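Turn these sequences into a full structure, and let the hints steer you where they fit.
In order, the protein sequence lines correspond to chains A and B. The first sequence begins at 300 in our numbering and counts up by one. The second sequence begins at 938 in our numbering and counts up by one.
Take the hints with a grain of salt, since some may be wrong.
Said to hold, decoys possible - Dumping the calculated SDA-like pairs for lysine to any residue here, alpha-carbon to alpha-carbon at most 20 angstroms:
#1 1014(B) / 405(A)
#2 1014(B) / 403(A)
#3 949(B) / 1069(B)
#4 1014(B) / 359(A)
#5 1014(B) / 360(A)
#6 1014(B) / 468(A)
#7 949(B) / 429(A)
#8 949(B) / 361(A)
#9 1014(B) / 437(A)
#10 949(B) / 359(A)
#11 1014(B) / 429(A)
#12 949(B) / 433(A)
#13 940(B) / 984(B)
#14 1014(B) / 461(A)
#15 949(B) / 1015(B)
#16 1014(B) / 427(A)
#17 951(B) / 427(A)
#18 1014(B) / 473(A)
#19 1014(B) / 433(A)
#20 1014(B) / 1069(B)
#21 951(B) / 1076(B)
#22 1014(B) / 361(A)
#23 1014(B) / 1076(B)
#24 940(B) / 1069(B)
#25 951(B) / 963(B)
If you are wondering where the hints come from, they were derived from the structure by calculation, not from laboratory data. Nothing here was measured: the structure is a model prediction, and the numbers come from that model.
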Amino acid sequence: MRSRAIAVVTAGLGAPSSSRMLADRLTESTVERLRADAIDTRITVIELRDLAHDITNAMLTGFPNSELATAIDAVTGADGVIAVTPIFTASYSGLFKSFFDVLDRDALDGMPVLVGATGGTERHSLALDHGLRPLFGYLRAVVPPTTVFAASSDWGGASATAALGARIHRAGAEFADLVARSERSLSVRDPFALDGDFASRIGGGVA
Amino acid sequence: MLKVAVLVGNPKPKSRTLRVATTVVEKLLAEGTYELSVIDLADHSAELFRWPSETMNELNELVATSNLVIVASPTYKATYTGLLKSFLDRYPHNGLRGVTAIPVMTGADATHSMGVDVNLRPLLVELGASVPTRGVYFIASQMDQLDALIEGWAEDNAGVLHLLQPLVDGVLARHPEKAGVFA
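In structure tokens form, the structure reads like this:
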């Protein structure tokens, strides 16, 4: 069975947060679609809340500590990224932006990125297309046509939850198709790996 | 005496972005007419994600009670920094109401010139600030022409601010109760 790695980045502040809830729903929908295509998934969830101080330190020093480096490796080495932020002041949260600020500018080149956002009301839904899409465009990531905004009212009431569910389903399907074709995780190279046969490099070699 | 604040969201302290922002104040206002506070967020990053934080509350308050705020950021990933956004995220809805703001962004070249008015301005407007002038986009390699370039910006935009005066007079004649409403 083929296998794909997906990193889920969420910037919710509460525990549990609605951003995490939306991220889980998007993940579920993606995994289901990939499974139907006989593709197995490996999921890594990164809650930026737990890394806030590491991210600030990395911004100042230019170097991530080991916890943050592990998270960054999971993101840059994935076949696809699901990124969900709460909307503050009509845009992504400062924590969300700070995490992408510390990535190298080429780190997400060609990466499928499914974007989602949560807010108290639907008033700031356009933040996805005005804020998140240009950010990932700059990073040369591939953002599928469907993005998902979930307002508080979308989580309750039959018709609202059905509408959100349909959108999640569509977004998951578009994203899964991109992930299925992505082979990034196969091409990630361990920077400490030795090329070729080590013995031959030191002049020995096995006779 | 005008209360003026310079807010800089550059992770590097004492940055060129900070110098551009303070130069905007110097070129726009006459010396001795204002009291200037400078907030270099690089100095306060340890508190940024701490709630509650007395230091952050004081800084938030300082900016929100200023007459004029220069909000400055370098260009990171085509827009303002997460550092600046994290500070602004601490404001409630309309947290900068009653403040006049001038957005300033610095960048490596002209390709991101629109960023200051496309990304930073709407953020300040959403927070309730009034943003009457064009933003300042400054190309970092032009630091040797800093004085002349900002002088030019100030001349253009002093004219824009002057345009507001008859409007202010008209509005206050219609709504006299609004005089000094934010004072």
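Each hint, compared with the structure:
1. 1014(B) / 405(A): This hinted pair holds, its Cα atoms lying about 11 angstroms apart.
2. 1014(B) / 403(A): holds, 10 angstroms
3. 949(B) / 1069(B): Violated - the C-alpha atoms of residue 1069(B) and residue 949(B) are around 29 angstroms apart, more than 20 angstroms.
4. 1014(B) / 359(A): At roughly 16 angstroms apart (the allowed maximum being 20 angstroms), residue 359(A) and residue 1014(B) satisfy the hint.
5. 1014(B) / 360(A): holds, 18 angstroms
6. 1014(B) / 468(A): With a Cα-Cα distance of about 30 angstroms, the restraint between residue 1014(B) and residue 468(A) is violated, given a limit of 20 angstroms.
7. 949(B) / 429(A): violated, 27 angstroms
8. 949(B) / 361(A): holds, 10 angstroms
9. 1014(B) / 437(A): OK: residue 1014(B) and residue 437(A) at ~6 angstroms, within 20 angstroms.
10. 949(B) / 359(A): Status holds; Cα separation ~6 angstroms.
11. 1014(B) / 429(A): holds, 14 angstroms
12. 949(B) / 433(A): Roughly 25 angstroms separates the two Cα atoms, so the pair is violated.
13. 940(B) / 984(B): violated, 24 angstroms
14. 1014(B) / 461(A): violated, 35 angstroms
15. 949(B) / 1015(B): Holds: residue 949(B) and residue 1015(B) sit about 18 angstroms apart, inside 20 angstroms.
16. 1014(B) / 427(A): Distance ~16 angstroms between residue 1014(B) and residue 427(A) Cα, so the pair holds.
17. 951(B) / 427(A): violated, 33 angstroms
18. 1014(B) / 473(A): violated, 25 angstroms
19. 1014(B) / 433(A): Holds, at about 9 angstroms.
20. 1014(B) / 1069(B): With Cα atoms ~26 angstroms apart, residue 1014(B) and residue 1069(B) exceed 20 angstroms; violated.
21. 951(B) / 1076(B): The hint holds at about 17 angstroms.
22. 1014(B) / 361(A): The hint holds at about 15 angstroms.
23. 1014(B) / 1076(B): Holds - the C-alpha atoms of residue 1076(B) and residue 1014(B) are around 16 angstroms apart, at most 20 angstroms.
24. 940(B) / 1069(B): holds, 17 angstroms
25. 951(B) / 963(B): With Cα atoms ~17 angstroms apart, residue 951(B) and residue 963(B) stay inside 20 angstroms; holds.
Violated hints for the displayed structure, listed by number in ascending order: 3, 6, 7, 12, 13, 14, 17, 18, 20.
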